[in-house]
Amino acid sequence: MKTRLNLDPNVVQVARDLAREAGQPIVEMARTHTTVSVERAVLRLAGLQGADADGMPWVNRLVDAVRETAGLEHGVALPAWDALRTGGYPDLAALADAAARGKARFRIPVGEDERAARTAASAALATGIGRIDANRAQRQKMIEQTGEPPMPWIYLIVATGDIYEDIPQAQAAAREGADVIAVIRSTGQSLLDYVPEGATREGFAGTYATQENFRLMRAALDETSRELGRYVRLTNYASGLCMPEIASLAGLERLDMMLNDCMYGIIFRDINPRRTFIDQRFSRQIHARAGIIINTGEDNYLTTADAVDAAHTVVVSQLMNEFFGQEAGLADSQLGLGHAFEINPAVPDSFLLELAHAQLVRELFPDAPLKYMPPTKHMTGNVFAGYLLDAFFNLCGVMTDQSILLIGMMTEGIHTPFLSVRDLALENVRYVRDAAGRLGESFVPAPGGFIERRAHEVLGESVALLRRIRDEGLLNAIADGTFGITKRPADGGRGLEGVISRADGYFNPASDILEDGERGIPADTAPSLTGTGARQ
Amino acid sequence: MIGNIVRPYGDTTGDGRVQVSFTLPVPFGTPTEQARAEGAAMLLAAKMGLEPAMVVHAKGMGPEFTFFIVYGRVSHLVDMSEVTVAEREFPLLSSAEVNLRIRTGLGRRLVVVGGCIGTDAHTVGIDAILNVKGHSGEKGLEYYREIRVVNLGSQVEVPALVARAKAEGADAVLVSQVVTQRDAHISNAREMAAAFEAAGPGRPLLVVGGPRFDPAMAASLGVDKIFGKGTTPREVASYLAYALAPEGSGGVAA
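As they're listed, the protein sequences go chains A and B. The first sequence begins at 1 in our numbering and counts up one residue at a time. The second sequence begins at 1 in our numbering and counts up one residue at a time.
It should be emphasised that the hints constitute simulated quantities derived from the structure, not laboratory data. Fair warning: this is a prediction, and the values are worked out from it, not measured in the lab. Take these hints with a grain of salt, some might be off.
Below 20 Å or equal to it, Euclidean Cα-Cα: the simulated DMTMM-like pairs (lysine to aspartate or glutamate) are [claimed, not checked]:
1) K59/B / E427/A
2) K59/B / D504/A
3) K377/A / E97/B
4) K166/B / D224/B
5) K487/A / D224/B
6) K229/B / E202/A
7) K487/A / D471/A
8) K487/A / E191/B
Restraint ranges, calculated between C-beta atoms of paired labels, are given here [stated by the list, open to error]:
9) R164/B / E223/A: 24 to 32 Å
10) G460/A / G200/B: 52 to 60 Å
11) P8/B / Q145/A: 37 to 45 Å
Glycine residues also receive a C-beta, built at the ideal position from the N, C-alpha and C atoms.
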């Protein structure tokens, strides 16, 4: 892709190098620690489903029981598969049931017992990850059979709280033109330290992410994809305290994209920073393997801070997300880095500033399927003005080759969209795409002009902030309130009690497979990005 | 009094012109369906008091729905003397105004300690008010520069809450209660209020919230303020600024 902003490649390289240096200590921490949710994800990948009579999942019961007896420093796999083998239990669910009643005995096996436990656990995880591989192949086959929509993909949200209401709404949205359906989660699910079980019909402003809900929605969208001759992608949220488990369930049920940011939970949900980074690495290894495109959450910074003043924090976070993502094995084509159109429309030249920011991000990450978020902060309730602002968002999106457009609703901030509001929003984006879809090829900001200067300014500020973060340490920078406006100390927030330092003999059969295989996976299902050409 | 009577203004005084848009669950496919759909829209408009009305836009959305834009004239009159306005005892402020009020009225950051007391593990409510994330498009109290938030999370014991509030120098204590079995929310709130009273003079402002509280019960529970269902962070922040950093107070808390 040719640069339209005359970015200095040396400055860009400095920015990437600084992001790597800032992120490396975090990766070291993630490599030497585990969490209760990582260990529960191992059991989920091995096929353990279901919950006890109180609705507490068996994976929680089993991990808690192991932690209280043998400890989790060696991982859950060794003690669990040792108990399974020596205790005569037919399966993990039976073992979890016994463990919950205090009947099962756990130990760290040694010698022949250890080898036997390792072999059994590795075989179980090979089967589970084999299922993720099969889903990836199945996605590819579905795309070949039904068709790959051109970019930008149109991303719409459904959220009724009831999966059986969500399904017809999602199918209707797909028929109206949505290429990606996101099912928003119930408020507060990110703070639950377990994943609810089964199909759910009640939620607060969203629908619980559960394995069964994932399965039901994917099956419904498969049906609609065949009907429409276009593969409709499904998105959910791998964030919060159960990030690794939700990522695993997404892989097991063939979700296509997942919201998965490296710092969102820390800043906006007060989840412990260490817990977040450890969980995040494992989650991203799963996503890499499953061919899932992650969506990062930089748009959120612009809803709390001023979108002009904080523009460089978006770029810094994107570079951090890129480093952590690539380190975990994600291909560039799986990095749906986020940003947003959130500048106050009363600011002079606001559209030029938006163009500068969007084009800068496009050029910094030429192979990433960028996710562009519509205005929310300055949607005032004046639906007519909001409709106009959404049109400018769409125009900026097509001019700067954004890959995934979350479609703006004129009722943003008032209520959930009416059927007609969604229809009008799609009419808006269709008009802009048909009328100006090829404007990108002629959009060449004047050398030395306002847009180019603004892009260089933001990149310069990003480098300065990255240098500070590298010198201070990322955890200290987060504790100082560098991102968002909130201070999040490394030992504060929720979930720190679920972080465990790995012992020398730590064994995680899922990680072993993922670390081995991650770089050998071909980017088969990843969309190919060819700049403006993708749409023509 | 004729001057007190108003009606909608299109482009001429008293013309009563309005525009509405709505969707009906009727098809808009064949010419017959289209005629019936527009007829249905006209009927609805008439029943809404739009007379005459004109369907200026009709569009099928999928096989089962039609969207309409209708312009018409309403015959209704509004007597301005009949208008009543619900009074809130405190003004609703923007985050910048809240911050300014605290800076000028209190002269330091306002400290809020929050959590769910008793056995209640449902932190959805308190998190929606306290977390930066907030809800309903409004950022939580953590977003306010001049408010320092200490969120203790769920299942906080009352003695621990009292001790922490004292240690942090809390100006206000926010407690959320969702679980209401056997009126646990009532007894827990009373227990908390009594514990703060017992801890001596200069107790922090006590604020409770939850879907089942009756906002009129504050005095009987021994707390200063109750917020019910649908409360947004901005309302809570505005109340805290009003109660703890009144205008012109010059640093003396109410």
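A quick look at each hint next to the structure:
Of the pairs offered as hints, the one joining K59/B and E427/A holds, with about 11 Å between alpha carbons and a cut-off of 20 Å not exceeded. For the hint pairing K59/B with D504/A, the CA-to-CA distance comes to about 67 Å; that exceeds 20 Å, so the pair is violated. This hinted pair checks out: K377/A and E97/B have alpha carbons roughly 17 Å apart, not beyond 20 Å. For the hint pairing K166/B with D224/B, the CA-to-CA distance comes to about 18 Å; that is within 20 Å, so the pair holds.
With a C-alpha separation of about 29 Å, the suggested pairing of K487/A with D224/B is violated against the 20 Å cut-off. Proposed proximity of K229/B and E202/A is supported: the alpha carbons are some 17 Å apart, at most 20 Å. Among the hinted pairs, K487/A with D471/A is consistent with the structure: their alpha-carbon atoms are about 18 Å apart, no more than 20 Å. A C-alpha spacing of about 32 Å is found between K487/A and E191/B, which places the hinted pair above 20 Å, so the restraint is violated.
Evaluation of the 24 to 32 Å hint for R164/B and E223/A yields a failure: the beta carbon distance comes to about 53 Å. One distance hint, 52 to 60 Å for the beta-carbon pair G460/A and G200/B, holds here, with the actual separation near 55 Å. Checking the proposed 37 to 45 Å range against P8/B and Q145/A shows it is violated: the Cβ atoms sit about 55 Å from each other.
Checked against the numbered hints above, the structure violates hints 2, 5, 8, 9, 11; every other hint is satisfied.
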